[in-house]
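Read off the chains here:
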Amino acid sequence: MPELLQFLLSGITVGAVYALVALGFTIIYNASDVVNFAQGEFVMLGGMITFFAHAAGLPLPLAALIAIIVTAAIGVALNKLAIEPARGAPVVSLIIITIGASIFIRGATQLVFDKQIHRFPAFSGDQPILIGGATILPQSLWVIAGALAVFVCLWLFFTRTLIGRAVLATANNRVAAQLVGINTNYVMTLSFAMSAAIGALAGVLVTPITLTSYDVGLALALKGFAAAMLGGMGNPKGALVGGLLLGVLEAMTAGYVSSQYKDAAAFIVILAVLFAMPQGLFGRKSTDRV
Amino acid sequence: MRLSSKVTTLLILAAVIAIAPVFFPSSYYFRVGSLIFVNGLAVAGLVILIGYAGQISLGHAGFAGIGAYACALAPVHLGLHPALAALLGALLSAAIAYLVGRPILRLKGYYLAVASLGFGILVSMVLSNEAQLTGGPDGMAVPELGLRAVLKAIGIDLSNTEFWYAFSGLVLVLGAWLALNLYHSPTGRALRALHGSEVAARTVGVDVAHYKLVAFVISAVYASVSGSLLALQNKFITPDVAGFMHSIEMVTMTVLGGAGSVLGAILGAAILTTLPQVLTIFQEYEQLMLGLVMMLVMIFMREGLLPSIARRIRGRAE
Numbered sequence: 001m002p003e004l005l006q007f008l009l010s011g012i013t014v015g016a017v018y019a020l021v022a023l024g025f026t027i028i029y030n031a032s033d034v035v036n037f038a039q040g041e042f043v044m045l046g047g048m049i050t051f052f053a054h055a056a057g058l059p060l061p062l063a064a065l066i067a068i069i070v071t072a073a074i075g076v077a078l079n080k081l082a083i084e085p086a087r088g089a090p091v092v093s094l095i096i097i098t099i100g101a102s103i104f105i106r107g108a109t110q111l112v113f114d115k116q117i118h119r120f121p122a123f124s125g126d127q128p129i130l131i132g133g134a135t136i137l138p139q140s141l142w143v144i145a146g147a148l149a150v151f152v153c154l155w156l157f158f159t160r161t162l163i164g165r166a167v168l169a170t171a172n173n174r175v176a177a178q179l180v181g182i183n184t185n186y187v188m189t190l191s192f193a194m195s196a197a198i199g200a201l202a203g204v205l206v207t208p209i210t211l212t213s214y215d216v217g218l219a220l221a222l223k224g225f226a227a228a229m230l231g232g233m234g235n236p237k238g239a240l241v242g243g244l245l246l247g248v249l250e251a252m253t254a255g256y257v258s259s260q261y262k263d264a265a266a267f268i269v270i271l272a273v274l275f276a277m278p279q280g281l282f283g284r285k286s287t288d289r290v
Numbered sequence: 001m002r003l004s005s006k007v008t009t010l011l012i013l014a015a016v017i018a019i020a021p022v023f024f025p026s027s028y029y030f031r032v033g034s035l036i037f038v039n040g041l042a043v044a045g046l047v048i049l050i051g052y053a054g055q056i057s058l059g060h061a062g063f064a065g066i067g068a069y070a071c072a073l074a075p076v077h078l079g080l081h082p083a084l085a086a087l088l089g090a091l092l093s094a095a096i097a098y099l100v101g102r103p104i105l106r107l108k109g110y111y112l113a114v115a116s117l118g119f120g121i122l123v124s125m126v127l128s129n130e131a132q133l134t135g136g137p138d139g140m141a142v143p144e145l146g147l148r149a150v151l152k153a154i155g156i157d158l159s160n161t162e163f164w165y166a167f168s169g170l171v172l173v174l175g176a177w178l179a180l181n182l183y184h185s186p187t188g189r190a191l192r193a194l195h196g197s198e199v200a201a202r203t204v205g206v207d208v209a210h211y212k213l214v215a216f217v218i219s220a221v222y223a224s225v226s227g228s229l230l231a232l233q234n235k236f237i238t239p240d241v242a243g244f245m246h247s248i249e250m251v252t253m254t255v256l257g258g259a260g261s262v263l264g265a266i267l268g269a270a271i272l273t274t275l276p277q278v279l280t281i282f283q284e285y286e287q288l289m290l291g292l293v294m295m296l297v298m299i300f301m302r303e304g305l306l307p308s309i310a311r312r313i314r315g316r317a318e
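Chains as they are written, first to last, in the numbering used here: chain A, 1 to 290; chain B, 1 to 318.
For the record, the hints were derived by calculation from the structure and aren't laboratory data.
Since the structure is predicted, the reported quantities are computational estimates derived from the model, not experimental observations.
Just so you know, even glycine gets a beta-carbon here, dropped at the ideal spot from N, CA and C.
One or more of the hints may lead you astray.
Unchecked claim - Which stretches of chain B does chain A cover? Using the computed rule of at least three CB atoms under 8 angstroms from a CB of chain A, they are: (1) 110-117; (2) 276-286; (3) 290-297.
Using the sequences and the hints given, assemble the complete structure.
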């Protein structure tokens, strides 16, 4: 039993990170119909910038704040310089643009910083907490709390604020949103900034556990993408549940089947979900207009 | 006499392959050339899938991996000649593409992208994890094809790099010829119809699911043969051949040069294959440059390099 609980706890921790990446995907996908393959790079930037700001002598919270702001600015730049000019391009082109952006950011990070693996101290020490025979790191609690907090904030934002509804309206129909007076350019900028900031936050929270280096982004992007798809693209609740499910699934596979094939399990389940219910767990059925 | 675009394409391709060696200062250039042809072959297959049929795959390196490892494993375990092993790899790829393609081609756009990506990652994972069979991430040796010795016996003495330049060039021309023929065939027309509009194609009686599957299987065979050629040429293979980055490279080459045109896509393969070689002096900047090229071409030349340039030239002439 403690074994199962242990796998569950580590699965939820990893799953919370996937959920954060998936939430970032969801925001951009909702606002622009673009799946941003550079989402994982935001997580990487969050960790790397925090490390170097902290190493330069800044206190950790300030370093983390700087990392989140800088990453948000990079997200906005990505939209202005690469996504906006390609508006209306086919899906294949958009996939290549965002993958190009991800390779570009990786290359730039490696030049500006370095190729080493980095870590900064955990927020509340490294003393594991005992729960029913299993242990959990205090930092894991930070990660899980972070994912839940972001989810709640997003939910409030989208349902209770005017600007949140404007984002939803833009997602639904860009032209109609413009007609009722929504500044859709501002909405796009805001969406990319929020998405990048959430990614950077995930990087800040998880780096003390998983460490970071310039090339961790791609794997995270793929997992986050898979999680978003598992839950149903464009649905924040789906992103959260999909992320947690994926994390737990991986941990169970690693624990009971084979640690080498933990990534395989994730992709097999995703393929199965796509075949059985192509819209994901929480997605709405869509019909094509002819 | 006005030549058809098919003949023009093949003539340009064959002429470039035949004449380029005159300007090669060292054997290293033959090596780069044959790498271009190997990538060009995989890309010609993707033209059928992406350019003709309008479908996407982010997992075609998986088929290249199957082709490559067939050449490494079948001679050792089944006692097959490497050429037959490549054939076996192609058949296996076709069979797997058929089985995988049936369910996943029902999906569209990003969903299809992630499903094919998942397939590719599964293949590369099996190749790196089944170390007792495949040597794991360290890779394994591939036997000699033996064709060069045969050529030597009948009086054609080529160095190793020259042989592979000529041989993969020949296979590429053959592959391009088949792809161009397909374009003008009933199958090609059906693929282009469903690319334009699946509903419209279905209305006029095109079996959409069937033709998508045909395109998927054919492009998988191209990728598989390309993987086999790479393995036989390098005489060594690692699971990287099936990796996600290789899939991305293949799709990027296709779209960069122009997914709708076989010649354009091969040009894309040539550019992306030579870029890292040229940039070795600036190795630090390689990723930066690659990412930048991918973004710029897709933003400013949406149809890809060759069609965009061709249009500009034609526009000026009129």
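Okay, the hints, checked on the actual structure:
Counting residues of the region 110-117 of chain B whose C-beta sits closer than 8 angstroms to any C-beta of chain A gives 6, which meets the bar of three, so the coverage hint holds. Note: the region 276-286 of chain B has 3 residues with beta-carbon separation from chain A under 8 angstroms; the three-residue rule is met and the coverage holds. Counting residues of the region 290-297 of chain B whose beta-carbon sits less than 8 angstroms from any beta-carbon of chain A gives 6, enough to reach three: the coverage restraint holds.
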